[in-house]
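Given chain Y, put chain C in place with the hints provided.
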Amino acid sequence: MSEPREPLRNIIVAGGGQLGVLTALALKRAVPMAQVTVVGTPPDPNALADRLGTALPFTNRLHDRLGVDEAVLVSEAGASHRLLMRTTGFTAGHEGFAAYGALPETKLRSRFAREWGGGSRSGSAQQTVGSLAEALVASGRFRPPGPGESTPLAEVDYALRWNVGAYRSLLIGRAQKMGVQYVEGEVASLEADADGTVSAIGLTGGQVLGAELFVDCSGTRGALVSRLPRLEWNDWSAYLPVRAVVLERPGRGVLALEDHAAMTEEGWVVGHAARDGHQRILGVRDSADPAQAADVLGGSAPVAVVPLSPGAMATPWQGNVVALGDAAARFEPLGFLNLDLAHRQLDLLLELLPGREVDARERGEFNRRAELMAEGVRDTLGLYYAALEAERVYGRLERSPALENLLDQYARRGRIPHSEEGALMNEEIVSLLAALGIEGGEIPVSRAEGAQGMHAAQGAFAAKVDAALAASPPYAEWLQSVLAPAPG
Amino acid sequence: MSDTSPRPVRVVVLGGGTAGWMTAAATAKLLPGLAEVHLVESEDIGIVGVGEATLPHIRGFVERLGIDEAAFMKATHATYKLGIDFRDFGSIGTSYIHPFGSFGEPVAGVGFHHYWLELERSGKAGPLDQYSFAVAAAKANRFAPPAMDGSLASSYGYAYQFDATLFGPFMRDFGLANGVTRTEGRVTEVERDSESGDVTALVLENGTRIEGDLFVDCSGFRALLLGDTLDEEWEDWTHWLPCDRAAAMPCAHVREEIEPYTTASAMPAGWRWRIPLQHRIGNGYVFASAFISEDEACEAIIGAAEGTQLADPRVLRFRPGRRSRSWSHNVIGVGLASGFLEPLESTSIYLAQMAITYLVELFPVGGKIDPRDRDEFNRLVDLEYDRVRDFLILHYNATTRDDSEFWDHVRTMEVPDSLAGKMELWREAGRVEKYSNGLFYDASWIAVYVGQGLLPERHDPRAAIPREDQMLAAFGKLRDTIASEVSQMPGHRDYLLRESARLADAP
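Protein chains in written order, with the UniProt record's numbering: chain Y, 1 to 488; chain C, 1 to 507.
Read the hints as simulated data drawn from the structure, not as lab findings.
Bear in mind the structure is a predicted one, so any value in this text is a computation, not a measurement.
Just so you know, even glycine gets a beta-carbon here, dropped at the ideal spot from N, CA and C.
Among the hints, a few may not be true.
Which chain Y residues face chain C? A few, computed with CB under 8 Å, are given here [claimed, not checked]:
hint, residue
1, Glu6
2, Asn234
3, Asp359
4, Pro444
Chain Y on its own, in the form it takes in the complex (with noise of 0.2 Å):
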């Protein structure tokens, strides 16, 4: 007989930036009788995943599954909407976009194709002709697809951006009227048993605090984690070249449904088009100085340099202390995964959450996937630096075999093998790639089918632009309208 593991009581999260009030937040949700306490330790202002107000579209239907309104992140949150991401100068002279989401295909949307997988397990993605994101980013409509859809903007995946602090502070509201504590402090101790079991931290002021299950979301500075007797983390220093991130004082808000990746001598330069500033980060590479990255960035003094060691932890749980956002993985903002992959391993581990005791074997499978999900970061982020002025600027980079293997795949068959727990879809990848002016080479089946089947999609797709354009407003016209509801 299959008994319930006692269900936790005490959880304890080390970190009370947005990722950690989320974190703390998800977990009451999932265990309402269980005391969830926020360790609101010192903020830390390398950890990008607390200090990037965006991330990509699986946070959205977190989000959604944790009862963080969309709408509301819009009118309190300053939230605006990110179609895709426009990059140039990867290749010399090349511009393009890199759009989310999958090819619609209604076949594949019953719920036995997604549980059974009947659907696009094989690799091949068609080239991307555009995407109805790109029509509608080119022309500034846009409204987010409501319950229902019945136009092509259904089709349409996106990423939000908001203001951290008032994402924070919302997030904060939610987690108070559920019961969740918060304690300020430092951790200044663990305390374990003879197995590594921590049963309780203790504070800077003294306080001791016990609990079975513990979060680190406190940064680079690991609250928890660094106290960890074996603490395996894997360099990843050969791989990704940036060595510090510089981020600029916010300029004026903006209101953009793109943001921009561009690719100079210094390094990359990321804008982030958010509604309560228009910021712009830059990667320097090991041998630059940051100093002078205020020059690339327009003279305007730089308001943070953020050092990076990128890696992850090789098992970012470890006893009953777990590990997400910078205190897992560290890695530069290019493309915004650093919150994505928070997110997506809290996902995990509210899929494989404990109970008062942690086993090992669900442990194992959190590691493993966590792993995956990490490595497939890694990847995503070595396709960027593929690109050849990418290579110019940073230097060849390692690669790992599976990263070899997609871009030699792409690059001879138009081919992305599929990797699990991926950080992009396969069509996303093509649509990075192509945006990075990496070149896919030609897919056996498409080739055989010629011009003919390439027609055929083309008159398909630009219907389909035509029926997203004209079931859109102009994007401001639409924020307005939520923003300040008309009367009556």
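Same frame as chain Y, but now just chain C:
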């Protein structure tokens, strides 16, 4: 553009069985202009043709080739299949259906089966398969195509049960219509390039020489190219999957209704299939020759099968395992030449289809084979075989049966590490190891674990959070909804009859 077109690759398919004609038809249809397909078949290669039951993926194959479902079903006397009914596997007297579908829906991010396990503690949940739409429809002998709207009626899929001796010829006709050249004759010599070792031509008994750039070995267990010529190593899996023979025997229908599912009944030295087609029932005893003789097995299937016997039992011999490399030099094995896993979960045709899909994706346009594509093909094929293998072994190992030497052996044998880990995760925590590439996901593993009585020791703590009466009410409602929706579905035979006009009109 057009003047840079590469010359077509001369693809020579050796073997005119199911795998051979599937390969020839698919490459000719999907790669026109890129592949020039020539199939060589000979009577002495022989056709196994017992793969009567399929998996839902076959639908994708048929669809992708642009074949009309009705025409295909008519030609192969096909019926619909919603799953497999396993009898006496976990212990004698128990049975369960492994459906092409799910059980309930996750609630608050926790899998349905955890709640079921929770209610099962007080014995109030009833069998898990009551919560599967596909199982309920199968048990009621009803069928209708699934919905596409995310509703309960979209929580399942279907496959076909067909006459495999007709499927090959159907694919042959399709292949010939799409430009496949066919030659009949026995291969007496295989010519190879003295430098590269690649196969360059097949020489037939009558002296005909068939040259090619790419050779697909579909010669079955004989593996004339991959085995005899290239001597690619065979990894034997008999120690995990001891069944190595089948005694197949068709019978007439005995019942009014046609079951929309395959039945697999455990036998003292293996198991027996029962596959209802439109015009007859396929039967067969898959057995381990180390535990029972061929004669005994034939007697056993004659004794066990219902209905008038339409032919004497035919014994087929096979070897579970796979080649270390299914693509070697310029020879690709598809079907039994590449590997074999017994038909317990109807995977044979799927495995051929999978290899064909990867062959099309990795097709050497222009004829020059890149070793990286060969490695990629072998990596993908191995992954699929290993995952299916583990799932099959589970059916034997998750048992309490000790009533025969065979069952005692499979119950106590050591299983592959990859499976042992999965089983431990299930036993300890009620969780299924997750992967998204390969066959058989959560619902399938849960169906077999639970169906064979391998219940975990612990399940998700959150399953105990909802109040029991509320859970019972929700469970009851799900059962009722399934029952009422299933009662609206037509009977399987009725549906086939109703569709018979469409089937008859099929080109």
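Structure-based check of all given hints:
no. : hint   : verdict
1   : Glu6   : 6 Å, holds
2   : Asn234 : 21 Å, violated
3   : Asp359 : 5 Å, holds
4   : Pro444 : 4 Å, holds
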